[in-house]
Amino acid sequence: MPDVQYRLDAGRSKQTVEQTNRLLEAVSEIQLKFIRECDAHSRFEQALQVFLDVTNSAYGFIGTVHYDADGAPWLRSEAISNIAWDQASKELYDSSLPDGLQFRNLKTLFGESIRTGEILISNTPAEDDRRGGLPSGHPALTAFMAIPIRLDDHFIGLVGLANRPNGYDTDLAGWLEPLCTTCATLMTAAKNEEARQLAEIRADQRQDQLQTILDTVNARILYLDTEGRIVRHNLLSQKSTGLLSQDCVGKTVEEVGGRLDNAKLRHEQSLEVIRSGKPLLAQVVSYEEGGEVRWASIDKIPTFAADGQVDGLLICAYDISDLHSTAEALRQTESQLSLLLQKMPAVLWSVDKDHVFTMAVGKALEVLGKESQKLVGMTLEEYFGTDDSNSPRIARHLAALEGESIQYETDWNEHSFECRLEPIRDDAGKITGCLGVALDVTARVTSEREQRKTEEQWKAVVKNVPDNILVVGQKGEIRFLNHLKDGYDQREVLQTTIYDYQPPDSHEKVRDALRRVIDDGESVSLEIVGRGSPDEWRTYSCRFVPMTSSSDGPTALMIATDVTEERLARQAEAKHFGILKAITEGTSELIFAKDLESRPVFVNDAIAKVHGTTVEQMIGKAEDAWFSEASLKKTINDDQRIIRTGQSETYEEVLMLATGERNFLTTKCPWRDQDGNIVGVIGVAKDITEWKKTHNALHQSREHLRAIIESTPGCVKLVAQDGTLLEINAAGLRMSEADSAESIIGSHVFDLIATEYRSAFIRFHKRICSGHSGSMQFELVGLKGTRRWVETHAAPLQSGSDGNVVHLAITHDITAARAAEETIAAQHSQLIHVSRLSSMGQMVAVISHEITQPLAAIANFAAASTMLADQPTPDLKKLRAHLASITAQSARAGQILGRIRNFVKHSEDNRIDSDLVQLLADSLTLVRADLRSRRVIIQTDFPAQAAIAAVDPIQFQQVVVNLISNACDALESKPAENRRIWIRLTENESQIQIEIIDNGPGLLIDAEDQLFDPFYTSKANGMGMGLTICSDIIKSHFGTISADNAPNAGARFRITLPRVMKASNE
Amino acid sequence: MTQRDAIVYLVDDDESVLHSQLELLTAAGISVESFSSAEAFLKSLTTRSAGCVVTDLKMSGMSGLELQRKLIAINSPLPLIVVSGHANVPTTVELMENGAITLLQKPYDAHEFLDAVQRGLDQFVENRQRSTELNSIRERMASLSEGEMSVLRLMIAGRPNKVISTELEISMRTVDRRRSIVLEKMQVDSAPELARLVTLIEAAPAS
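Chains as they are written, first to last, in the numbering used here: chain A, 1 to 1066; chain B, 1067 to 1273.
Read the hints as simulated data drawn from the structure, not as lab findings.
Here's a subset of chain A near chain B, in silico, CB distances under 8 Å, partners left out: (1) 854; (2) 864; (3) 867.
Cut-off 20 Å, straight-line C-alpha distance, at most; resulting in silico cross-link-like pairs (EDC-like, lysine to aspartate or glutamate): (4) A/878 to B/1099; (5) A/878 to B/1081; (6) A/353 to A/422; (7) B/1124 to A/850; (8) A/353 to A/426; (9) A/509 to A/562; (10) A/251 to A/272; (11) B/1124 to B/1079.
Small disclaimer: the values here were computed from a predicted structure and weren't measured. Cβ atoms here follow ideal geometry from the backbone N, Cα and C, with glycine treated the same way.
With the hints as constraints, model all of the structure from the sequences given.
Written out as structure tokens, the structure is:
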């Protein structure tokens, strides 16, 4: 703490002196608090209290100055008077107590001081233009002083005091300097403390990170201090010692002990490393874990402090148990091998590429009188005493050095050796030398030779026996055999066992036999499969008999007779029988054989099934249980006849079985023995009961179909591709008016079709013959000339002897239905005409729509007016306006009605120069469908060139369509085949004349005059407006329309219109 | 919404009818805007337009039926009342199927007219509430990530977590986590509730 500077002004009053004392007391009190480590907050609280007391200020604050990243200063309150004036400011005050309030708005009095770093005094803050204004509710500010707090040259804080009764001055500020200095110290201390806390938090985080890494490493890690005490260790080491962290830390490895052996030694070793500062690496130790010895490689590495002194020891232990055990096993193998070579009656030597012996070991060296040491270093040539590379001994080695494996036998010093030479290769496969092994087999060879002599004689005897005779040891080893088959080597065979010549599955059987023969002294016979030659399996019938023991242990004599051919023959027989059996049992046919007395000697399952019994129940027994008496008699008769005649027979028969009546297709033939004598009957019968039923049903259904076709009212016929009638039923005959089928079948069916439909029918026929189905309506003309409307439904039929597709047609007479249809169509078209032509009706529709508008408006205005009138003070002006609107709308409705009368005259707007020929043609298109359905034929007579008149095309067409329609109506009373209309257009210089003439009954004589009057009609359901409108239209086009009866025909309507002359240059 | 906010939009090419309807509704205390053609009305239409539309069926330009189709196409919430001198059956059927409040035959009874207008205004309030709810669900749905969305699809299809995990090739833990995020974001407690929301959205016309 720096010295506190203060001054006493002699001129101050006693009160000032007392205050100064109070100031000094406070300073020392705050310093005391600091020493006692009270928290920063209460220190500042106390300091603020002193400031307020000694200056007699009402309130104030102490704040520290901080800087943003961009250097802008701001203030944080460390202590502030509680001047909360309402709930919100109280909450703000309370919530900011722990962390302090932050003031960033420096457009204030104290802000000015922060910016300038100078003392600020304002005894008239209300007028001071540096002020920033106070929040509403803040106590009034009457005087204010802000003193910057500095430490050395740094501006670190601010004290603000307010509302001293006498105001503030610079002297007072000077007087407060000791207290300010104390605040500076407090602020610096607080700042340092914050920094320390932050550093601690960071250090803790790093420690945690380090621990995580340590725990993840696959090694045991301990960190010791210089005394050898554990400071830190990872999870893995905790596992191996079985101790928890708190048990280890602070203790030495010796104290922890745990499962480690020689803990004391290790501890001392660690201390030695710490002392010397030299790391100890890859130290291998063993310890026991879970009852098993484990090996570990330990590194002990000292760590150094910045001053170069050892400050700790890092111990890392890696588990190398697996590596260690492998190395141990290798070492053992090597030592065993070396021991073996020492003891073995053999020699092992190696020669390098330069023919120098590099090694020679083995007991047998003694036999040869050689010493290992002497041999090593000699060359092959020196040892064998020759330079001749063709000498077999040297040649063998040379061959081995070339990569061959060589085996040979040799005698050295009256000892027999079996030798083997193998090339030695390095890792790359290159030959670096050869290795030789020689086994002393002297004893074996001698005894073998002895034995061979004694056995020679009886072997000669058995050699001549055709059977194979073997002498077999307890384990099946072949000691002797009399015949050697082709492909086998005597010596090799004698080194093998009989099992080597048998399939594995028979081993157990043979082993068991040998045991019984050798151990129990029994004789055993059995059949086994064996290799007759390397590639061939043969079957042997074998007999094993015990033999007197020989020097090589007990043996058995095995006599094997080759029975392969016999067995093969037997198998073939069984196989054939199997096939036969499979055939007879697999088939649904009934197969049987009977003896001369007709008793079954063989039946298959199918027969048993038919009789509802089993095969066993039937064999050898009379068949009376299975057949009715009559059926039995018949079968026996049949059997006897075949036996008698010796002829095969095939016939259908119906037999009454115990299980019911069945149909069979039976073939029976005589059964002859090898000598050709008949010994019975063999038969095959097929149960055709079901087929028979189906067949009968089919036949029946065909009959039914036939009957149906014959009796059906529709015509059913088959037509060949060329149109020839192939078949036809009775109805068809009636329809075509043929007297008999013969008179029409074979004739051309197209001749029956009415000419106008013939080509359509031929197209239809071709379509059917190409595989499509379809239907068609057309008129048929009978042979006697009757026309009828028919509808035919046709389908392709794959039929006929040549397999061609023929046309199957079912045809109905629809003349009556057609007539009804035409009536309906007529009524319908009448309706169409009425709607199309009654422009009157359309006009009414338009007018009625138009007239609803003023009516709706009137209704709305009336309703609105009523509502207005219902109000307490009706808006009369508005009411009057509504009434005026109602009047206007009524007038409008009247006008619309008035237009009805002028409708025709008003529609002359669309009048253009038009080609009447074209318009007539268009009109005919409109009515064509209608004409066709009414069967009216129209003939036209139009000029080749255009006939131009100024008409409204639609109105003109209305007239034409109306007149044609009238003509059609008039023709209804005429026969259908004679309904005609002629239309003719002629023109002279000024006029175009159009005549529409029908061959109907014509006009009534007195009708001609009233014809064009409204509501005149000759039709029962006519409106009487059509001709009136026509007349109006033509007259409005400056034309005339008239009607009369044409000579030799019906009615004639004549229209004339002014012709428009075309300019010649156009 | 109060009666004050709502406006009845009158569309008729016949000036006298338009004027008379305006006077009638004004007399009944209802705010009105009138247009002499459907085109003019559509031009003035904004998303803030509230209320209902009264239109003539046959007009020189766009017909009442075409206007209805346009309103449906832009997903307008304004209900439609059609007045007509004569409408044929197919037109009537289409209008009603498309949700017109009613079709009034001219000339009509004033009470009938006012009653239809009131129904139209009520219908609008209902439409707006429903569209607010739909928008809220859509916003929630839009806050889901692609991964969460695919889990949602399988959730509402009733797949157990294990199947979802296999189909999306993600771990069970991820499925679990996404499932709870989906429920939280969609502000529901269970998959069936979730399915109800999604069904609402899918049944509604896209906006």
